[in-house]
Amino acid sequence: MSTAREEILRRVRRATRDVPEGERPEDVAVERGYRKEDDAPREEVVARFAERVAEYKAEVRRVKEADLPEAIGENLKERAIERLIVPPGLPEEWLPGGVEVLRDDEERRLTNEELDRSDGALTGCSLGIAQTGTIVLDAGEAQGRRALTLLPDYHLCVVREDQVVGLVPEAFARLEETVKGEGRAVTFISGPSATSDIELNRVEGVHGPRTLEVLISG
Amino acid sequence: MTLQRSPDAFSADAGKTPTFEQSAKVSLADTQLRRNLGKATQTIRAKRAAAVEEMPDWERLREAGRALKERVTRHLDEYLLRLEESVTRAGGHVHWARDAEESNRIIAGIAKAHDAEEVVKVKSIATDETKLNEYLEGEGITAHETDLAELIIQLAGETSSHILVPAIHKNRAEIRELFKEKLGARGLSDDPSDLTNAARLYLREKFLKAKVGISGANFAVAETGTVCVVESEGNGRMCTTLPPVLVTLMGIEKVIPAWRDYEVFMQLLPRSSTAERMNPYTSFWTGVSRESGDGPNEFHLVLLDNGRTGVLADERGRQALSCIRCSACLNVCPVYERTGGHAYNSVYPGPIGAILTPQLVGIGKPGPDSLPYASSLCGACYEVCPVKINIPEVLIHLRGRVTRHKQDGGGLKGRLDPENAAMKTMARVFSDRKLYEGAQKAARVGQWPLARDGAIGRLPGRLAGWTESRDLKAIPKQTFREWWKARNGSPENGSA
Ligand code: SF4
Chain A
1 MSTAREEILR
11 RVRRATRDVP
21 EGERPEDVAV
31 ERGYRKEDDA
41 PREEVVARFA
51 ERVAEYKAEV
61 RRVKEADLPE
71 AIGENLKERA
81 IERLIVPPGL
91 PEEWLPGGVE
101 VLRDDEERRL
111 TNEELDRSDG
121 ALTGCSLGIA
131 QTGTIVLDAG
141 EAQGRRALTL
151 LPDYHLCVVR
161 EDQVVGLVPE
171 AFARLEETVK
181 GEGRAVTFIS
191 GPSATSDIEL
201 NRVEGVHGPR
211 TLEVLISG
Chain B
1 MTLQRSPDAF
11 SADAGKTPTF
21 EQSAKVSLAD
31 TQLRRNLGKA
41 TQTIRAKRAA
51 AVEEMPDWER
61 LREAGRALKE
71 RVTRHLDEYL
81 LRLEESVTRA
91 GGHVHWARDA
101 EESNRIIAGI
111 AKAHDAEEVV
121 KVKSIATDET
131 KLNEYLEGEG
141 ITAHETDLAE
151 LIIQLAGETS
161 SHILVPAIHK
171 NRAEIRELFK
181 EKLGARGLSD
191 DPSDLTNAAR
201 LYLREKFLKA
211 KVGISGANFA
221 VAETGTVCVV
231 ESEGNGRMCT
241 TLPPVLVTLM
251 GIEKVIPAWR
261 DYEVFMQLLP
271 RSSTAERMNP
281 YTSFWTGVSR
291 ESGDGPNEFH
301 LVLLDNGRTG
311 VLADERGRQA
321 LSCIRCSACL
331 NVCPVYERTG
341 GHAYNSVYPG
351 PIGAILTPQL
361 VGIGKPGPDS
371 LPYASSLCGA
381 CYEVCPVKIN
391 IPEVLIHLRG
401 RVTRHKQDGG
411 GLKGRLDPEN
421 AAMKTMARVF
431 SDRKLYEGAQ
441 KAARVGQWPL
451 ARDGAIGRLP
461 GRLAGWTESR
471 DLKAIPKQTF
481 REWWKARNGS
491 PENGSA
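So the protein sequences, as listed, match chains A and B.
When we follow our numbering, the leftmost residue of the first sequence carries the number 1, and every step to the right adds one.
When we follow our numbering, the leftmost residue of the second sequence carries the number 1, and every step to the right adds one.
Keep in mind that the hints were calculated from the coordinates and are not lab data.
The structure displayed is predicted, hence computed values, not measured ones.
The reader is advised that the hints may include incorrect statements.
Cross-link-like lysine-lysine pairs, in silico, BS3-like; alpha carbons within 27 Å at most [claimed, not checked]:
(1) B/Lys112 - B/Lys211
(2) B/Lys16 - B/Lys406
(3) B/Lys365 - B/Lys131
(4) B/Lys206 - B/Lys112
(5) A/Lys57 - B/Lys47
(6) B/Lys388 - B/Lys47
(7) B/Lys388 - A/Lys36
(8) B/Lys206 - B/Lys182
(9) B/Lys406 - B/Lys365
(10) A/Lys36 - B/Lys47
(11) B/Lys39 - A/Lys57
(12) B/Lys182 - B/Lys211
Just chain A, with the same shape it has in the complex (with noise of 0.2 Å):
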C-alpha cells in the first residue's frame, strides 16, 4: 500500500499531465510589471507613513531622536503604564524612570501570564511600510518574542525614519535575509486589532493590545 505522500503527488502528476514534459516551473512566465520602489523624497514617505498609521486609529507622534526618551515617558505617563515589558536590546536610555520594568531574557523568560498581567510593552521595530502605515516586527533587537508584544492591552513602538520604506516590496526584499537566515518569525501589524464581525461595525482591540501608539524618531 502507497503512502498518503506518494499517492497524492502520483495523483498531482496524473492530473498535469497536459504539462509539457520538458516544462520547467520557470518558464511559466510571470511578468512582474508592478511598483518595486517609491521614487517619492524621503520627507514625503516618512510622512506618508506617519499619516497612514493615524488613518488605522493609533497614536502617531514625530519626535527629534534626542527627545525621545521624554516622548516615551510622556506616553507611558499619560497610559498610567507600571508595569512595563522591554525586550532585549532595547536602548537603556530609552526607559523613563518610575516603571517597573519586565525584562525578557534568556536566563529568565517572562512566563505568559507575566505578561498578560503586564500594563504595556516598548519596542523598537524592523520596517515601517509608508504605503500601507505597517509595522513590522522580526523578533529581532529590541523587538524580542511575539507572545511580548501580543498578550499585553498596550503597544509603544519606536520606529526611526531611516527604518521607513515606501512600498511592499521593499520590506519584503528587505526581509529576505532574515527570514532565509535565521528564520525568524516576522508580524506584520497596521493599526491595532479590529473586527467588523458583529454589523460590519468596526470596533478596535479584540485580542491583540487594544492600544497602539507610534513614535517615529528622526
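Based on the hints, put chain B with the ligand in the right spot on chain A.
Below, chain B with the ligand alone, put in the same frame as chain A:
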C-alpha cells in the same frame, strides 16, 4: 432559526444535499438575512473599489498573481516537495492527507499525543471542509473557535454564511442573547464594543491554557517553508504563538514559489477582502524557533488533497485552485446578495463556491451539480477577482460537464445535444476577454427588440446558440464596471 445544519457538499451524505434552488427559497424568505446581507455587501463593495482605485499598478499585480498561481498549479508536485523539504529543514513536521478522514485522524493524533482535551482554533475553511471540530468532539477533544464570528456561529450551532464575515446574517441583538445564554455574560448591552469585550475575556483564558493551537494557512512558501496567516482580530497571532504545539492544515494549492512572492499576494489580498491597505495582523513563521523561545516548540503542517487533485485534472476548471479566498466575488455577486451563503450548502459559497464545490466533491451529486447554475453570468466576479479567475468561463464549462454527466457520461448523444453545443460556444466566448466584451456589447446594443419580460429571447451573433435553449437574463444596460463608476462618482483617493 430556519438555517440549521442540513447535509452539505462535504458531508458523508452529500448526495442528499438540497439543490441551490431549494435552499435559496428558504433564504429569500428571511427578510432579516436579506437586509443584513444587502447592507454588508454594499458597504464592502464601495470600500473595496476605493482601496483598489488607489493602486496605479493594480492590473499588473493581478496579472502577476494570476501567473504565479498558474506556475504553481502546473508544477504542483515539485513545489510541494520543496515545501516539505523547507519546513522539515526549519524544524517542522509535514504530513500528507488524501482526504478529510485522514487529515482529521492526523490532527486528532497530535492533540492526543499531547493529552490535549481542548484546542484553540483560528478560522480555517479547510478545517470546516474536513469537519474537524465534529471529528475532534467524537474523540473527546473540544475545539474552541476564536474568531469572533466563528465563535458566534459555534455557540449558535450554525454554519458560516460568508467566507470573510461568517456571521453576516446575525444582528447585534441576536448576538447579545447568545452571549448571555452561552457565555453567562451578564449586564451586557448590544453595543458591538461591549460584545467584543465579552468575547475577549472569555477567549483570553482559553488561549493561555491551550496546549495545542490549530490554524489554516493563507500561503506557504516552497523556497523557505514560511507559512502565513492573514487576519484582523489577533486570535491568529494568539493561536500560532502561545500554545506549545501548532498544527496548520492547508490545501495543497496554497503553496507559492518564493518568499518574494508575498509582495504580490500581500498587496492583492487585503484590499480585495477587507478593503484595507493592509489587514491589522499578518503572522509569518518558518518552522520553529526553539532557541529564542519564540512561539511553539513543535510545528506540524498537514497538506490536504480532499478532491483538489480532481480539480487539477480539469484543464479549464483548475484555475479555481488559484483562489486566495478574498471573498470579493461574493460581495459583487447579485445572486449571492439575495440568497446569502447558506443556499450554496457548502463551506465555499458565492461564485467561487459555485465552481469549486462541484469540482471538489465530483460531478454527479444533485446539490453541488446545481451550483454552476446559480449565476446570471454577469461577469462581475471575474472583474474583481485579484488573481483573475475566469469564473463565468468555468461556470459554463461545468454546466457542460453536468449535462454531459447526465447524458451517459459524455457519449455521442451528449455531444449532439443542442444545449451542449450552446455551452461550448458560450465557454469559448467567456474564455476570451475580447470576445466576451464584444459579445456583451453586441448583445447590449441589439438587445432592446429581443428582450421580453426582462429575459432575452434570442441573441444576435455569437450568443445566438446559447439562447436557443436557455432563457438569458437581460444584460444590464451598463456593464458592472460602468454601473459602479456611475453610481459612486469618481474615486476620491490619490495615488499611493
Ligand atoms: S475567486 Fe477570486 S474573487 Fe473569489 S474569493 Fe477567490 S480570489 Fe477572491
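Holds or violated: B/Lys388 with B/Lys47, Cα cutoff 27 Å? 20 Å, holds
Are the Cα atoms of B/Lys406 and B/Lys365 separated by 27 Å or less? 10 Å, holds
Straight-line Cα separation of B/Lys388 and A/Lys36 no greater than 27 Å? Distance of about 21 Å is within 27 Å: holds.
27 Å limit on alpha-carbon distance, applied to hinted pair B/Lys206 and B/Lys112: 18 Å, holds
27 Å Cα cutoff - pair B/Lys365, B/Lys131: Holds. B/Lys365 to B/Lys131 sits at ~19 Å (cutoff 27 Å).
Please verify whether B/Lys206 and B/Lys182 have alpha carbons no more than 27 Å apart. Answer holds: B/Lys206 to B/Lys182 is near 15 Å, not above 27 Å.
Taking only the CA atoms, is the gap from A/Lys57 to B/Lys47 under or equal to 27 Å? 17 Å, holds
Would you check the hint for B/Lys182 and B/Lys211, treating anything up to 27 Å between C-alpha atoms as holding? 24 Å, holds
Agreement of B/Lys112 and B/Lys211 with the hint, judged by alpha carbon distance not exceeding 27 Å: Answer holds: B/Lys112 to B/Lys211 is near 11 Å, not above 27 Å.
When you check the alpha-carbon spacing of B/Lys16 and B/Lys406, does it fall within 27 Å? Answer holds: B/Lys16 to B/Lys406 is near 17 Å, not above 27 Å.
Check whether the Cα positions of A/Lys36 and B/Lys47 lie no farther apart than 27 Å. Holds, at roughly 25 Å.
With a cut-off of 27 Å on the C-alpha distance, tell me whether B/Lys39 and A/Lys57 pass. Given pair B/Lys39, A/Lys57 holds - Cα atoms ~24 Å apart, limit 27 Å.
The earlier numbered hints are all upheld by this structure, with none contradicted.
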